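4 protein chains.
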Amino acid sequence: MKQSPRTLISVDLTKSARSQPVHHNRWHPDIPPVASVHPGEVFRVECVDCMGGQIGNNDSADDVLNVDLSQVHYLSGPIQVEGTEPGDYLEVEILEIQPLQGHEWGFSGIFDVKNGGGFLYDYFPRAAKAIWDFEGIYASSRHIPGVRFAGLVHPGVLATAPSQELLNKWNHRKADLLATDRDRVPALAYLPDEKGSFLGALENNPAVARRIAAEAARSAPPRENCDICPEDQRSGFQFMYWGQICLLEICIFPKGMFCGEIEMAGAITLKTKLIKGGMALHGNLRNPIFMPGPVEPRFSRYISFQGISVDEQGIQHHLDATLSYKHAVLNCIDYFKRFGYTGEQIYLLLSSCPCKGKVNAFVDVPNACCYISIPTEIFDFDVTPKDGGHVVKITTNCPDQAVTAKL
Amino acid sequence: MKQSPRTLISVDLTKSARSQPVHHNRWHPDIPPVASVHPGEVFRVECVDCMGGQIGNNDSADDVLNVDLSQVHYLSGPIQVEGTEPGDYLEVEILEIQPLQGHEWGFSGIFDVKNGGGFLYDYFPRAAKAIWDFEGIYASSRHIPGVRFAGLVHPGVLATAPSQELLNKWNHRKADLLATDRDRVPALAYLPDEKGSFLGALENNPAVARRIAAEAARSAPPRENCDICPEDQRSGFQFMYWGQICLLEICIFPKGMFCGEIEMAGAITLKTKLIKGGMALHGNLRNPIFMPGPVEPRFSRYISFQGISVDEQGIQHHLDATLSYKHAVLNCIDYFKRFGYTGEQIYLLLSSCPCKGKVNAFVDVPNACCYISIPTEIFDFDVTPKDGGHVVKITTNCPDQAVTAKL
Amino acid sequence: MKQSPRTLISVDLTKSARSQPVHHNRWHPDIPPVASVHPGEVFRVECVDCMGGQIGNNDSADDVLNVDLSQVHYLSGPIQVEGTEPGDYLEVEILEIQPLQGHEWGFSGIFDVKNGGGFLYDYFPRAAKAIWDFEGIYASSRHIPGVRFAGLVHPGVLATAPSQELLNKWNHRKADLLATDRDRVPALAYLPDEKGSFLGALENNPAVARRIAAEAARSAPPRENCDICPEDQRSGFQFMYWGQICLLEICIFPKGMFCGEIEMAGAITLKTKLIKGGMALHGNLRNPIFMPGPVEPRFSRYISFQGISVDEQGIQHHLDATLSYKHAVLNCIDYFKRFGYTGEQIYLLLSSCPCKGKVNAFVDVPNACCYISIPTEIFDFDVTPKDGGHVVKITTNCPDQAVTAKL
Amino acid sequence: MKQSPRTLISVDLTKSARSQPVHHNRWHPDIPPVASVHPGEVFRVECVDCMGGQIGNNDSADDVLNVDLSQVHYLSGPIQVEGTEPGDYLEVEILEIQPLQGHEWGFSGIFDVKNGGGFLYDYFPRAAKAIWDFEGIYASSRHIPGVRFAGLVHPGVLATAPSQELLNKWNHRKADLLATDRDRVPALAYLPDEKGSFLGALENNPAVARRIAAEAARSAPPRENCDICPEDQRSGFQFMYWGQICLLEICIFPKGMFCGEIEMAGAITLKTKLIKGGMALHGNLRNPIFMPGPVEPRFSRYISFQGISVDEQGIQHHLDATLSYKHAVLNCIDYFKRFGYTGEQIYLLLSSCPCKGKVNAFVDVPNACCYISIPTEIFDFDVTPKDGGHVVKITTNCPDQAVTAKL
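Protein chains in written order, with our numbering: chain A, 308 to 714; chain B, 308 to 714; chain C, 308 to 714; chain D, 308 to 714.
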């Protein structure tokens, strides 16, 4: 008879994230593990939301405006996988992700340009947020009427701790980038910073904690040690091994291509497997690989918006996929405004719903072509192109101030 | 009783593309239509391959090395849709795409760096090609053993002719880009050039043809008037109307994300619908939108490779999706080399097979995260990560010179 | 360089099926092959429709009322596969199916109860028919407004000829069944009958033809040697080998669960493979197995109707799946009448569209539970359950006499 | 801010099902509700397994051999939906189904022929069982090696209580069926029987309980008031309203076409909606309709086995779908024996895994054609037809007595 999965890490959502030493919010090889598993064991890990409870289930975006981003992400772990050595491949299989019972909600937000900003910061500079209520597998938002969907559930961050060598490389290359334009708002990158840092039990030893925080990396951007925002629900991940594994916060129902996703507290069930010496065997890849799992929502009808490498001033850029993608998104936002939505609502929706961002063509200079595809079935009215007479107007019941922050 | 679809344009593959005035290979509003349809009519258009027959069904890449790219793409048309006015939305529905009977093959290629190059020109500078044989819906290549798939059939270019105003805008912005680095190899963009130009019946009037060729745009990159490389087979397209519609060459089984696709001659069956005044109704989008059709190959298992905005020298770039995507592709190529493939073979395969390129995360500076996903089912052996003992080695029967060009 | 597929059998739709000796309409081991292939060869076979042209593209069901069913099916073949021996497994892979150019239409019909009847003959005793027009991959019918779909393309019959021993078995068991109720209308089964028989080139030898026709089996019902109406488009079939292979008529866009499908003339591209001694290897199965191919239309939303083993008089039967399925279908027909359709229209639609018939539960006596699921996306209006005020009424433009036959 | 779903009914798996008055195991309109909801409310209901704990997580099938089937199913409820009237349509939307934490396992079984038997009782007369362990969304069994899958999660029974009139109709028709063959083993149907009956709080009033039990229906077979074994996970059901709703036991990961499914204890999250007067609006259907939800496991490759209406003795039956389906299943079982499985293992697997049973053709007398399709991806080895040399043999680690009961 098999055992039920052991809950390795429990969290208490009624207490602050910083009072619970199962958390940390920096990458560093010297953060000690809080638990240990052997390969093949099924285990369960609870997580607070990535902001550690700074964002509330309410109708004001002021908390997004004022959020302390130096604290992200509150990660659960590190967890030691027994028998791992550098050069191994660690396969981490995601078996299930659930919200914590009694906390069936999440949020997506647009960061204020003065607080980091987002992908479209020049178009949407003000903080905004949408609360998503979960009814079983479905998410809907009182801030974005007319929409309901089963999301693409996945962990927000799932990673192994870096080696000291890899950490050093990160810090050097980031410093070099920052040096190219130190005055940019929002900043091009963020260096290690003790402010906001939380290192779990190490906080009892302030001297050590300060030393580590001064060189530890933030967990925000995807790097060699982790994946962020995978496509599909419940995926069998493959990781390169750089040190000990640490398992991290969960965000659920996301897609999160520019800023946000639906962040939530939750529990994840996992299993690991070792492929000894796997890095050399698999071609010394520089980034994790993954294989999506067999379960995901079915959508059969999409509407797709394209963009090319020409900017707002009509200036032609050379094979710039980021620019192409930005304009695909802007085209999409313009299209949905005809139904009565604000730009912020669609921007938040695109951060949350199961849409697909694609790199379509690098065939012919100078235009890269990207597009974004939205499943039409998530709307409860017809959003396909129609003659003017057939256009539904959404009556937005939520006042603007409920979504965007007071300035 | 309904009529069978009328074949508006026929081509003869035994004659040169330039001897058939149903073709042209430039965008210009003054190229006269060769046929006309009314909205709602189902019609069929035959097309030569985009290179106009320059690439042969053989085992040498020399024709790719020496291909005259100034001639691409040989488009069938223009076709006038009756009743269209500027500002209308023209919906073009793709009903079917087929190879021409007796010509069940296509090609994908890597352009030589001295002849335009491709997405990974710095890694794969030499010309290479793969011939794909079609057995019904399946494509396989004697140059890339171990692979067979049902492709994502779609037109390579499907567009409306630009207005004079739009054409002028293209030429200006391209000139500005070129001015930033005139000496780059390959070039950043290509200006209008009479060389290689073919304007159908206008060629009988050399003075007019020369005037038009001097300002006409090449059909290569995606722009406001067209889509290139849509995701799915048989899609219901939406187009903005800029002038008269011209319908273009077909490439089949493509995905073609960096260089190539599977180019072929073929026939396409279409139907159009007008939404009068549709541009203003739909938010004055700057690019076409489209809706994928209901039929496409099913693949349920993928292996996905990621990349981040760090270059080969370890230098950190800022949210550079193009760079991230390039490294996702390079990781993928490195991975498949362990099975005995050459880099060129995988590069050609990724240009041709139903893989998916995704813009995954623009969440957190400085790393954009992109990935490329390959369906594992197109291989006739197991390509998932395994211990060393289980790795199959492909025996490549084709000598290297069959794929890459002699230099 | 690979060869284009050879067209093994051509048909001429302007001539009668009976004047073309590439056809036959009976199963018998002594019918000589008209062509031969070797395993691995890709080849193309043209076929007339199963009725041999008796049903016209018009608005009267009189031809269905009077159709001579003793002539079905006009099969193309037999085709000899070289190297086959009894006990081998013959894999026949379907590579492509197309209508013949210029004949882009098909039909589905309800046979009159006096002429064989159909699954629901007691509810729909009169002949009826619907003509389906093909626009590329889509089928629509002027006799069933409001519906369009990409169908599940497949051959109607694809079989190997029986051995003499197997043929004898068929004839004996059929005679035994008939003996249980000789007076039933429609008949329980049909014995060999010279009437309507056509044996290709053997017709030049009347004595032999008469002998064979007197014991040959009709091709109508599925038996050990063939599959009829497989689920999916383009499937890789496996067949047991009973004699020589004969390849047969094509019906396209079918589902055809009770009577009809969309029958059409067409061309099929095939490839065969031998597994020597495969029958013993695979467990001496009594029926063919098959594996659906990778391409089929995507539908993501269905509405499903159930039935149980209770008949119209409220009488309980024991685990009778046929009865359960009949009532699932009747429930479905009743439901769609609220939109203005006639029962015949929905019955014809269910015979043609990509719906799914399922055997759901044999768990608990006495009720088997079956259901039929219809994709909601094939309708151009909302067919999900709604309050009365929201119900769309289809305006049927076709008079009743256009669909059902004059009596 | 939305409320978290209320848990309407809690169960205690450490106590007997019969000691918890939230359960009952019979259909009768006079069983009083144990809770009440209003339309639109999201609520959660816990359930014991259908057998009420009689089957253990162990390696002996003796408990299946001796199981008291007069006790099935232990249903949670009834639950009153406020505002319902006869003739309304009650839509019950399934939002989520989960196993109870700490009880991540289920079972499937073959009933002994002396204890009810199953679909193939004449082939597999002995009791057998398989225990399925759940690792997140995946099920695997130590009794059927080589298999793992994400199942099609659904409630086993979800129904409304019958009216007295409907109940009377059931009892009459069942009695009539039984009268046709009273001596059959297993019995054709089961009449109301006080033995095993459990009526919740009514058990405190033995006189009333006895009166009701004497006429109450068992919940086993699907009838007008309920659905059993729907195809897909998380479906939006429609129900006709016959009295008060009662919500019932859950079985998870099932398909359960002949005997079994994977039965488990679990929790279900639901929401209801009323369509007033909906029965007349929707055509007075005799059975519930349902619409599958958007989430289900993806499988893209199937192997399918057919059967026709010819029995083991070679006797031809007339359009008998039950017989056809039985032989499709027997063909499938024979096929998989070549890999080393026993018949019981495959029979149990087909009762549990996401296979599809289809009614394929009722076109042509006398043979109905059914088939069963198995996703090949649930096996961890290649199960497609191959030459003899390639056949993998499963080493069954479980002794036969672990699966089938001692007799």
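Just so you know, the hints here were simulated from the structure itself, not pulled from any lab data.
Model, not experiment: these values are computed from the prediction.
Hints should not be assumed to be uniformly reliable.
Heads up, the list lumps identical chains together, so a pair's fine if it works in one copy or across two of them.
[What the hints assert, rightly or not] Under the rule of at most 27 Å between Cα atoms (straight-line distance), these lysine-lysine pairs were calculated in the DSS-like manner:
id, residue 1, residue 2
1, 693, 578
2, 502, 476
3, 502, 583
4, 309, 421
- prompt: Going back to the hint list, which numbers does this structure go against?
  reply: Failing hints, ascending: 3, 4.
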